[in-house]
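Based on the provided sequences and hints, a complete structural model is requested.
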Amino acid sequence: MREQRRKDAVWQFLTYAFVVTMVVVMMVPLYWMLVAATLPQEQFLQFPPRLVPGTAFLDNFAALQERLDFVRTIRNSVLIAVIYTLLSLVLCSMAGFAFAKYEFKFKEPIFYAILATLVLPIQLLVIPLFLLMAQLDWTNTFRAIILPWAANPIGIFLMRQNMKSIPDALLESARMDGATEIQIFYRIALPTMRSSLAALAIILFLFQWDLFLYPLVILESADMYTIPIGLAQLTGFQRIYYDQIMVAATLAIVPMVVLFLLLQKQFVSGILAGSLKE
Amino acid sequence: MATSDETDDRVGQAYRRRLRGAVGRATRRSRRAARPLWDRFRFARQDLTAATPTLPRVAYIFIAPFFLLFSAFLAFPVFYTLYLSFFEYRGVGQGSLFWIDLGPLYLEIPQIAQLEFIGLGNYARLLSNELFWQSMFNTSYILVIQVPLMIGLALALALALNASFLRLKGVFRTAIALPVSANLVAYSTVFLLLFNEQLGFLNYALAGVGLGPVPWLTDAFWARNTIIAAVTWRWTGYNMIILLAGLQTIPQQLYEAAEIDGANRWEKFRYVTLPQLKPVFLFVIVLSTIGTFKLFAEPYVITGGGPTNSTITIVQYIYRQAFVNFNLGYASALTVVFVVIVSVFSVVQIKIGGED
Numbered sequence: 001m002r003e004q005r006r007k008d009a010v011w012q013f014l015t016y017a018f019v020v021t022m023v024v025v026m027m028v029p030l031y032w033m034l035v036a037a038t039l040p041q042e043q044f045l046q047f048p049p050r051l052v053p054g055t056a057f058l059d060n061f062a063a064l065q066e067r068l069d070f071v072r073t074i075r076n077s078v079l080i081a082v083i084y085t086l087l088s089l090v091l092c093s094m095a096g097f098a099f100a101k102y103e104f105k106f107k108e109p110i111f112y113a114i115l116a117t118l119v120l121p122i123q124l125l126v127i128p129l130f131l132l133m134a135q136l137d138w139t140n141t142f143r144a145i146i147l148p149w150a151a152n153p154i155g156i157f158l159m160r161q162n163m164k165s166i167p168d169a170l171l172e173s174a175r176m177d178g179a180t181e182i183q184i185f186y187r188i189a190l191p192t193m194r195s196s197l198a199a200l201a202i203i204l205f206l207f208q209w210d211l212f213l214y215p216l217v218i219l220e221s222a223d224m225y226t227i228p229i230g231l232a233q234l235t236g237f238q239r240i241y242y243d244q245i246m247v248a249a250t251l252a253i254v255p256m257v258v259l260f261l262l263l264q265k266q267f268v269s270g271i272l273a274g275s276l277k278e
Numbered sequence: 001m002a003t004s005d006e007t008d009d010r011v012g013q014a015y016r017r018r019l020r021g022a023v024g025r026a027t028r029r030s031r032r033a034a035r036p037l038w039d040r041f042r043f044a045r046q047d048l049t050a051a052t053p054t055l056p057r058v059a060y061i062f063i064a065p066f067f068l069l070f071s072a073f074l075a076f077p078v079f080y081t082l083y084l085s086f087f088e089y090r091g092v093g094q095g096s097l098f099w100i101d102l103g104p105l106y107l108e109i110p111q112i113a114q115l116e117f118i119g120l121g122n123y124a125r126l127l128s129n130e131l132f133w134q135s136m137f138n139t140s141y142i143l144v145i146q147v148p149l150m151i152g153l154a155l156a157l158a159l160a161l162n163a164s165f166l167r168l169k170g171v172f173r174t175a176i177a178l179p180v181s182a183n184l185v186a187y188s189t190v191f192l193l194l195f196n197e198q199l200g201f202l203n204y205a206l207a208g209v210g211l212g213p214v215p216w217l218t219d220a221f222w223a224r225n226t227i228i229a230a231v232t233w234r235w236t237g238y239n240m241i242i243l244l245a246g247l248q249t250i251p252q253q254l255y256e257a258a259e260i261d262g263a264n265r266w267e268k269f270r271y272v273t274l275p276q277l278k279p280v281f282l283f284v285i286v287l288s289t290i291g292t293f294k295l296f297a298e299p300y301v302i303t304g305g306g307p308t309n310s311t312i313t314i315v316q317y318i319y320r321q322a323f324v325n326f327n328l329g330y331a332s333a334l335t336v337v338f339v340v341i342v343s344v345f346s347v348v349q350i351k352i353g354g355e356d
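Quick note, the sequences are listed as chains W and Z, same order. Heads up: the first sequence at position 129 corresponds to 129 in our numbering, and the numbers run straight through without jumps. Heads up: the second sequence at position 104 corresponds to 104 in our numbering, and the numbers run straight through without jumps.
No wet-lab data here; the hints were simulated from the structure. Beta carbons are placed, not taken as given, at the ideal position from N, Cα and C, and that holds for glycine. It is possible that part of the hints are untrue.
[What the hints assert, rightly or not] If you want a taste of the chain Z side facing chain W, the calculated C-beta under 7 Å gives, among others:
#, residue
1, Pro-65
2, Phe-165
3, Leu-168
4, Leu-184
Right, here's the structure in full:
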């Protein structure tokens, strides 16, 4: 019995040691980023390096701002991601509602055609979309970034799945009261979908926020850059200013970390929903 | 006492009945075509307003915006890539491919690109191209090392966080899942610095325990491992969340029954946890495999594909061919091969996911 208890204690200690080690491993890069972003360039280049954050964040930020208008870059990213998320939510919930609650011709083939694109990686579209946007004269515009994935197959799939659970009787009684179909959609169907809309909004926002290859091809001028493109350009200069890059990385990562901490539940359900049928 | 309105309506009904009745589809069509344009429009509008259950038409309105964008920016490009892969790209398109001029209605589809048909030439080229095979090898190398490493870590973490004795579960879980929120390019720049040979924290820490500077970014072997380390950092928490959700669905009674049978910790893991977790486990493996094939941001930022192409991935090779060398036809053929590989895994993934 005593033997068993000692074994358990060792096992518990090892488990704690493993978990704590992994937590440290996960935190080191983020901590190092903050240290580099807040130390003056001269101090950062010293050896051995300082391991405590400094107070030069704003100076480094000013230096970054001189090389690339990163405030504008952040604004671009937020603008694109927000418009994209709203637009896509509208399109996906409308179409999802139709696929869940109406019968119409070619319903099945259309839906399966949309579903089939779920297995296709988005990188597939970069070359044809680049040519298409060049032809439409849309290169270096936000609409070229926003429109292509507004009709998001994951979105329509999730919305259809969830809208199916709305009781038909509810819609029917509204119909009896003389509500039009559009009214039924946004007065009755949408409000019951609040939590799934929130989860989908996070999936869509992060999808657009992290999009890299496609904007890299479409966005040409520095005033149009999104955060990933701006950051990638900063590492491409002849001389790499780590303090400035880490300021930019901090500005890209910290708000999302805060968002993650605040909305952890939604993130997790987003991961699970997205992972199940992404 | 028939008013003229009623007469009109009766005529209308008779007309509609005749239209919808035994008259064959073909005759109906030819009769409609014979009517003047304005009449056709008027009857069509009457039909629209007269139909009582308007539901199907409303449905088309609901799906129309989605469907239009889907067709233009998703469905069409898919087929166009396949088409493009049989051609050599000669430059941006000029003029129009197709146009209709009907006075007020003018529709033009511009020529998207100037192309020269070369059949399977692009595919033959990629099969004999060294860099293509190099990128396949790099991806496979990362796959074989990174996926088992990451899934192993994620499983161990999920098991630990599922253990009943562990305190502060929420804090640990949040901390380990935190990298999930990091932007791909942003975290790649952090790893670029972390693994920097002179300034990086890693070589500093290694020097502290007496190990020489490791050429993380300039040596082929180490550069691949740097990519592996970065990807593992970013995605372990993600996989842990999925595995943890899977662990929590295993009924507690199974463990109790195993305990009564005298099973020890390893036996409970081997004969209860693993079989129960198998679908979720397979699922994260397939998901990570697909993720590895899609790698782009990390090698682009951290190693640039180097040194001497030792970390170039398939997507990065496609990017270079398409947007540095502008071999868009060849790059399309590469894309088709890439898509076939990923789609096969995706189908497997959906099959597994669908079993729940």
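So, going through the hints one by one against the coordinates:
1. Among the interface hints, the one on Pro-65(Z) holds; its C-beta lies about 5 Å from the nearest C-beta in chain W, closer than the 7 Å criterion.
2. This hint holds: Phe-165(Z) has a C-beta 5 Å from the nearest C-beta of chain W, less than the 7 Å allowed.
3. For the restraint placing Leu-168(Z) at the interface with chain W, the shortest Cβ-Cβ distance is roughly 9 Å, beyond the 7 Å limit, so the hint is violated.
4. Look at Leu-184(Z): its Cβ gets to within about 5 Å of chain W, closer than 7 Å, so that hint holds up.
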